[in-house]
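Asks: So the chains spell out like this:
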Amino acid sequence: AQSVTQPDIHITVSEGASLELRCNYSYGATPYLFWYVQSPGQGLQLLLKYFSGDTLVQGIKGFEAEFKRSQSSFNLRKPSVHWSDAAEYFCAVGARSSASKIIFGSGTRLSIRP
Amino acid sequence: DGGITQSPKYLFRKEGQNVTLSCEQNLNHDAMYWYRQDPGQGLRLIYYSQIVNDFQKGDIAEGYSVSREKKESFPLTVTSAQKNPTAFYLCASSRGTANTEAFFGQGTRLTVV
Chain A
1 AQSVTQPDIH
11 ITVSEGASLE
21 LRCNYSYGAT
31 PYLFWYVQSP
41 GQGLQLLLKY
51 FSGDTLVQGI
61 KGFEAEFKRS
71 QSSFNLRKPS
81 VHWSDAAEYF
91 CAVGARSSAS
101 KIIFGSGTRL
111 SIRP
Chain B
1001 DGGITQSPKY
1011 LFRKEGQNVT
1021 LSCEQNLNHD
1031 AMYWYRQDPG
1041 QGLRLIYYSQ
1051 IVNDFQKGDI
1061 AEGYSVSREK
1071 KESFPLTVTS
1081 AQKNPTAFYL
1091 CASSRGTANT
1101 EAFFGQGTRL
1111 TVV
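Here the protein sequences come in this chain order: A and B.
The numbering used here puts the last residue of the first sequence at 114; the count rises by one with no breaks.
The numbering used here puts the last residue of the second sequence at 1113; the count rises by one with no breaks.
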């Protein structure tokens, strides 16, 4: 069964600084990988996804993520954060053998320091 | 506009009562899901359905029940057997193939008093 770990519960960065949120997955084959963002009391919005091909994936709002098979990682990055990026971020993994099961990490809460 | 509608946004119930959360989608998606969200625990899968009249238990199905009589609708009933029902519940849908993402509703916050 697939699983995903987000080791950082809460991260605070200064506005304008760079950001990297970590995500590690466990799955026996190449998984499908996603990053979602959630504002308080809201649903989740897809930031980006990796299915195959280029391991550096570009998403919305200036985010990108890199799939590294050797490290079983799919870290999310942004070169310069804005105050509006404060939210909770979830990494998720889907199994190629299961059409419908998507497993989420426990999330990382991002705070922005003015 | 296409999307997923969850209702109500806030729900209060007395302990021991069953309650049903609504989820409707007009995206023509085959697959639908219910997740529970608690602080610090991410999203945990309760039930999912890949086609009409079929559904599977997720990781925390005990105390919950679902039905999928129509493609557009996937209601979740929180029964009195669920020991800690107070949580934020999220419904999602997808095309149902492995290489597609899930789209989420805005959630229902259930408080049992």
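Do not rely on the hints blindly, as some may be mistaken.
[To be verified] DSS-like, lysine-lysine: derived pairs with alpha carbons at most 27 angstroms apart:
hint	chain 1	residue 1	chain 2	residue 2
1	A	101	B	1083
2	B	1009	A	101
3	B	1057	A	101
4	B	1014	A	101
5	B	1009	B	1071
6	B	1014	A	61
7	B	1071	B	1014
8	B	1083	B	1014
9	B	1083	A	49
10	A	49	B	1014
Because the hints were derived from the structure by calculation, they are not lab data.
Asks: Next step is simple, just say for each hint if it's right about the structure.
Replies: Evaluated hints:
no. : hint              : verdict
1   : A:101 <-> B:1083  : 25 angstroms, holds
2   : B:1009 <-> A:101  : 25 angstroms, holds
3   : B:1057 <-> A:101  : 11 angstroms, holds
4   : B:1014 <-> A:101  : 32 angstroms, violated
5   : B:1009 <-> B:1071 : 22 angstroms, holds
6   : B:1014 <-> A:61   : 42 angstroms, violated
7   : B:1071 <-> B:1014 : 31 angstroms, violated
8   : B:1083 <-> B:1014 : 13 angstroms, holds
9   : B:1083 <-> A:49   : 35 angstroms, violated
10  : A:49 <-> B:1014   : 41 angstroms, violated
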